[in-house]
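Construct all of the structure, not just a fragment, from the sequences and the given hints.
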Amino acid sequence: MALSGIQIYKMLPQTNCKECGFPTCLAFAMKLAAKQVELSACPYVSDASKKQLAESAAPPIRLVTLKAGTEVKAGNEVVMFRHEKTFYNKPGVFIRVKASDADAAKKVAAADAYKVNYVGMDFVIDGFAVEADGGDFVGAVKAVRDATKRPLILIAKDVALLDSALSLLAGESALIYSADASNYEAFADVAKKHKASLVVTGDSLDALADLTQKIQAKGVEDIVLDLGGKNLSEWLQRSTQARRLAIKSNFRALGYPVIFFAGQNGAAKEPVYAAQAISKYAGFVVLDTFTPELAYALLVLRENIYTDPQKPIQVQPGIYEINSPKPESPVLITTNFSITYFAVANEVEGSGLPAWLVVCDAEGMSVLTAWAAGKFDAERIAKAIKSFNVADKVSKKRVVLPGHVAVLSGELEAELPDWEIRVGPREAVDLPGFMKQALN
Amino acid sequence: MPIEIPKDKWPGSVKKVTLGATTAEGGTRSRSVTVGGQTTLPYLLFEAPTPNKPVVAIEIKSHKPDDWSPLLGEVWGDAMNDPAQWAKKAEEAGADIIVLALTLADSPEDAVKAVKSVLGATGLPLIVWGPGQAEKDNDLLVPIAEATKGEKIMLGICEDKNYRTIVATAMANGHVVQARTPMDVNLAKQLNILITDMGLPADRVIMDPTTGALGYGIEYGYSVMERLRLAALQGDGMTQLPMLVTPGFEAWKAKESKVGEGVPEAWGDWKARAIHWETLTAMALVESGADIIVLRHPESVKRVKDAVEELVAA
Ligand code: SF4
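So the sequence lines, in the order shown, correspond to chains A and B. Everything in the first sequence is counted per this note's numbering, starting at 1 for the first residue and increasing by one. Everything in the second sequence is counted per this note's numbering, starting at 1 for the first residue and increasing by one.
Source of the hints: derived by calculation from the structure; they are not laboratory data. A few of these clues could be false.
[Said to hold, decoys possible] Below, computed lysine-lysine pairings styled on PhoX-like, alpha-carbon distance capped at 25 Å:
1) A:Lys326 - B:Lys255
2) A:Lys106 - A:Lys85
3) B:Lys53 - A:Lys230
4) B:Lys9 - A:Lys85
5) A:Lys436 - B:Lys64
6) B:Lys271 - A:Lys107
7) B:Lys305 - A:Lys269
8) A:Lys269 - B:Lys271
9) A:Lys85 - B:Lys271
10) A:Lys436 - B:Lys61
11) A:Lys436 - B:Lys255
12) B:Lys271 - A:Lys115
13) A:Lys230 - B:Lys7
14) B:Lys305 - A:Lys436
15) A:Lys85 - B:Lys61
16) A:Lys35 - A:Lys67
Fair warning: this is a prediction, and the values are worked out from it, not measured in the lab.
Shown next, in the form of C-alpha cells:
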C-alpha cells in the first residue's frame, strides 16, 4: 500500500540537514510520496526504514510474466472495482491439452492460429497448458512447443518429469503446476533452476499463505495461486478475499495473481465459470474447450471488463460502408464513441439497408455529450464530410444528422451549401424505420 | 495464526420488492416473487447470505416479432403467435416471471386482452412493457393497470418522460414500476426520487439501469450497477432498490447473436455463439448485482439459473 508523505516523514531522520536538496525532511517525504525523487538521495535513512519503504513501494499483487515467443502478464492490480481506476493486466486465456491425447499438438496448432477482430483489435489465445496424465509428457511438451510459440503451463506431479520438460524450454518463463505442502521444496527447486513461475495449491487461504512464504524463502518470487473452491460460490468468495487481503490489508503472502481452471466441473459450465473468473480477478484462465465462438465471447468480455473506464474504446474516424452501399445510398453521421458507433452500425446492418456511415472525430464522446462539449458541431461534421471525400462516393449529396443535434442543421447547411441536410431519429433503433420511410 | 479475512459491514441494505399477488393477497397469481434485501455485495456469503436469489424472467411479445433472430423462432415455434401459449412455454422453460412486451400495433383493447390471456395461462408474476414510446406506453399501460388491479404486476418502461402517468396508475391499482434510466448513477437516483416523491413507496420500484450487450458497452452497465449497489450499501436511500437487467434484449440485438451469415469465420458456430452472447452478458450482470434477469432463449435461462443456484448455495 502506498504511504502518505507524513507516514514517510516519520521514517526519515527528521534532522532537516538539507543534503537531499530539500529544505526539510518533510519536503523530501512529500516528493517521495509523489514518486518524484529516489530514496537514495537521503544518505541518513536507517536500514529498517529502507526496507519498509521498499516494501510499501512494491505492488500489492506481484506482476508475474510468462514468456516464450510471446508474453503474458498477470498481477499488478490495485483496485477491487474497475470504476475505482481500472483493471490492468488482462487474464491470460490458456487452452489445456493432455499428454496422452494423440491430437494434442493438432488441437494446439488450431487454437494457436485462431485470431479474431473486435473493434479494430486482433485477439488471440495467449498460451497452452500441457497436463501429464500417463502418456509421454516430455514428448507431448515438445510437440506442443513445435506447434506454438506462446507461453506454456506444465502440469505434472512428478518433479523429474517437469525438470526434463522444462529443459526443452530454455530461455522461456513457463508456469509450473503445482506445489502443495507435501512437495513444495522439490517444486521450488525446479522452478528456480528453470526460472519458471510456480503455482501453489492449498485448501484454504491460510494454507496458501503459509506455502507462498516457504516458497519465497527458497528463492522463488514468481508465484501464482490456485484458490481451489468446488463451485462458483466458493471460488468467488476466495478470489474476493485474496484480492482484498492483498490490496486492502497489504497482505504480501497472498499478493499474487490467481489461476482458474474453468472446465473443472464440465464443459457445460465452462463458459460461465470462465466468465466469472474474468470479471472477478483471475490472472490466468485455463479452458479445456477451444471453440472459436467461446473464445470470441470470452476475449470480448475480457476486453470490456479491462477497458480503462477513463478512456472508452474509440472507433477510428472515417467513412464506413454498411451493407455494400451504392452511390445513391444515404450518408449517415455519427461520432467515434464506440458504443454510439456500434449502436448505429448494428441497427443499420441488422436492417439490411445499405448506407455510408461517416464517423466524426468527437474525441470518443456520444452524440449528446460531444455536442454539449463542443466536440461535435457543424464545422467538425463538414470537415469530416470533406476530408473523407464523401462527395466522390455518392450521387445524392444528402446527409442525415442524428436527431439529438437537429439544432446543427442550419449551420451545417451554411458549411455544406450544396448538400441536403436531413434530421434523422434520436435513437439508433429508429434508424431503419426512418431510412425506409423518410429517405425514399 | 489464521488469516483474518477483511469483512465489509455496511450501514445500508437493498429494499425487498415483491412482484405478483396471490389469491390471498388480492390477485390471482399462484406465487409471488420477492427480490432484493441484500446487506452486502453479490454472493459474498462469508459476509451475509443472499436473502433472495436473483430470478430469471422470459420475454415474450404480444405479436410474433418480425425482427427476432430465427434461432429464437426455432425454439418458440408456433407459440410465438399466441402470447398465452408462449407464456406457458416460457414457464416450462424455467421462467420465474413473464415479461410481456407490447408493440406499437397494439390497441389498448388488444393489449388488455393479451395481458389477461397471459395471466390466465400462467400463475407466474407478470411484467408488462409498453412499446417504448412514452406516449404510446401511457395509452396502453394505464388501461392494463386498471384491468389488472391488485395483481401487482410491474409496469415498464417508466422513464423521465412518462413517469407521472405510470406511477399514478401503479399507485391507484397496486402495481410496481420499472424505472429505467440510461446507464448513469445520478440519473437513476434522480428518477427514483421523482417517483417516490409522488408517493409510491420505494418497495414498489425496481431500477432498470440499462446495459449494453457483451461487446456493445456492457462495461458501462456493469460499472454503473456496481456503483449503484455500493451506494445502496453505503446508505444512499435512493439507490437501495433491486435491479432489473435485459441481457436477452441486448444480446439478441447484437449481430453476433442475430445473424448466422456474412459474419467472420472466427466467430464460430452461430447457435452456440448466440447462447454464449446472451449467457455471458447475463453472467457479467449477475456478478454486478442484477436481481431480475430478462432473457429470451431457454438454453440461456437454464445456464443462468444453474449459475445463480451455485452462487447462492452455502
Ligand atoms: S537528507 Fe535526509 S535527513 Fe537530510 S533533510 Fe533530506 S531527508 Fe532529511
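Legend entry - Violating hint indices (sorted, rising): Checked against the structure, the hints that fail are numbers 2, 9, 14, 15, 16, while the rest are satisfied.
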